[in-house]
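Enquirer: Given only the sequences and the hints, what does the whole structure look like? Please build it.
Number of protein chains: 2
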Amino acid sequence: MQLALDCLPCFINQVLRLSRSIGLAEDVTRDLMNQAWDLMKDSPMDVTPPEVARQVYMLVYETSGLDNPLLDLKREYTDLALSIYPDLKEHVRRSESPLAEAIKLAVAGNVIDFGQSSSFDLMKEIQTVLSATFPIFDVEPFQRAQEEADRILYIADNAGETVFDRILIEQLSKPVIYAVRSEPIQNDATIADAEYAGIDTSAHIISSGANTPGAVLELCNDEFLDLYHGNNMVISKGQGNYEALSDETRPIFYLLKVKCDHFSKLVGVPEGSYVVQLKQ
Amino acid sequence: MQLALDCLPCFINQVLRLSRSIGLAEDVTRDLMNQAWDLMKDSPMDVTPPEVARQVYMLVYETSGLDNPLLDLKREYTDLALSIYPDLKEHVRRSESPLAEAIKLAVAGNVIDFGQSSSFDLMKEIQTVLSATFPIFDVEPFQRAQEEADRILYIADNAGETVFDRILIEQLSKPVIYAVRSEPIQNDATIADAEYAGIDTSAHIISSGANTPGAVLELCNDEFLDLYHGNNMVISKGQGNYEALSDETRPIFYLLKVKCDHFSKLVGVPEGSYVVQLKQ
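Heads up: the sequence lines are chains B and U, in that order. For the first sequence, this note's numbering begins at 11 and goes up steadily by one. For the second sequence, this note's numbering begins at 11 and goes up steadily by one.
It should be emphasised that the hints constitute simulated quantities derived from the structure, not laboratory data. Remember, predicted model here, so these are calculated numbers, not experimental data.
Identical chains share a label here; the pair holds if one copy fits it or two copies do between them.
With a Cα cut of at most 25 Å, we get these calculated DMTMM-like pairs of lysine to aspartate or glutamate: (1) Lys275 x Asp257; (2) Lys275 x Asp41; (3) Lys275 x Asp37; (4) Lys184 x Glu258; (5) Lys275 x Glu36; (6) Lys289 x Asp16.
Expert: Shown next, in the form of structure tokens:
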């Protein structure tokens with residue numbers, strides 16, 4: 011998926027919120043917003059949004075001297091998710107369709123996205139997701155794909171969401187490789203964040219090699235690409251990974267919440283929708 | 011109220027939506043977004059948002075050669091509102107508190123705001139507003155103020171919303187002067203738009219003299235200012251007029267929907283709230 015004009019003011023908004031959240035002065039924040047616009051104003055449009063997002067976030071990281079400014083927030087969200095993990099496990103265990111319910115929970119976890127929202131109510135969102143109608147819910151193909159695959163490459167998104175991924179992983183029938191960002195970017199999970207969520211108890215964690223908030227294949231390492239091109243099922247979490255991979259032709263299961271108007275038009279479902287979509 | 015950093019990406023978004031809605035090419039739209047950012051990037055912050063909005067919108071007007079690009083949309087919204095006017099009148103007539111109900115309807119009309127929303131469902135919004143709890147609802151002071159006033163200066167906002175204003179005006183007990191923008195800006199009402207909504211049947215329509223999407227007093231004409239400073243009740247519709255007038259000390263009744271996060275923090279109520287507030 012290519013960059014759209016809609017992405018530009020959204021990225022400026024993200025710079026504003028990130029700068030304020032780490033306590034930068036308003037004049038510094040304004041200067042960062044101006045720098046971000048300068049960076050984007052002549053950007054080619056045939057790049058993916060995560061590639062531009064990376065550059066924009068790096069401006070804030072360099073100015074603040076912080077290379078993982080959302081670490082505390084990531085830990086806080088993960089702690090919160092871990093605190094309800096036993097209840098969520100019990101919910102899945104009692105469900106008539108544990109796999110479908112775990113898939114829905116993994117989508118619910120995608121609400122934890124500092125980049126798009128400044129506040130949220132986790133438990134409320136979980137209930138909303140579990141009772142929502144998913145306009146696209148490719149669960150039977152999901153079930154077949156895991157039966158046919160050797161392994162499952164699970165491309166992660168945000169820290170905290172990781173705990174919900176863990177619940178889904180524990181329902182899967184094949185070995186899972188959990189691929190995270192190579193470096194901190196936005197609130198996306200790194201290896202340390204995934205371990206903190208306990209993913210290592212049920213999956214093998216790797217770095218995708220990409221430091222962008224979306225698995226841009228040109229940036230991914232050989233280990234990731236071998237798995238990606240092998241006889242494995244691929245699960246992709248969140249809008250950023252969709253944006254990076256949507257022009258690919260191999261089968262991919264996208265689990266996400268639709269978080270902006272432009273993206274909703276591309277997917278063909280209303281903004282705010284929850285989606286489990288097989289694309290190939 | 012002063013310009014905030016939050017306003018800048020919002021204005022860029024408005025340029026994007028306006029440009030697309032009048033059919034400008036994507037490269038022209040992008041150039042306009044860049045021009046808008048250039049215009050804002052060194053702007054002093056001690057101006058009101060409507061003053062900057064005016065400059066930003068003028069970029070699109072000048073490039074497109076259109077000086078009233080939303081005329082068709084304004085007419086469409088007004089026609090839609092006029093089509094339900096008899097039902098709304100009947101609703102007010104049957105109400106136990108006709109004045110309070112008409113005030114709520116005037117607030118409901120404030121949802122018609124092309125600047126902030128790309129789509130809306132008018133009838134649904136009306137029902138939502140009528141059944142909503144207003145966190146600020148200064149109706150008794152409103153009643154007292156109109157009893158004590160010689161006349162009522164009603165500062166209008168958007169076309170279409172005008173029809174809802176007309177319903178409130180028809181419940182008021184003093185002569186009403188309905189003040190609109192001096193020139194087309196955004197979807198705000200001009201004299202022609204107000205006449206099209208039938209306001210002239212129940213109020214005297216004047217131009218405020220200001221061509222900004224908010225009654226910036228420095229730009230208003232003597233006729234408006236004489237009324238504003240006289241022994242009259244002042245009713246201000248919408249966020250733009252609040253932004254222009256909020257530092258004033260004379261009593262003003264603000265009727266509006268809270269349409270952005272920054273504004274919601276200033277007013278101290280959640281985004282999306284409906285407000286009838288006396289400030290003085």
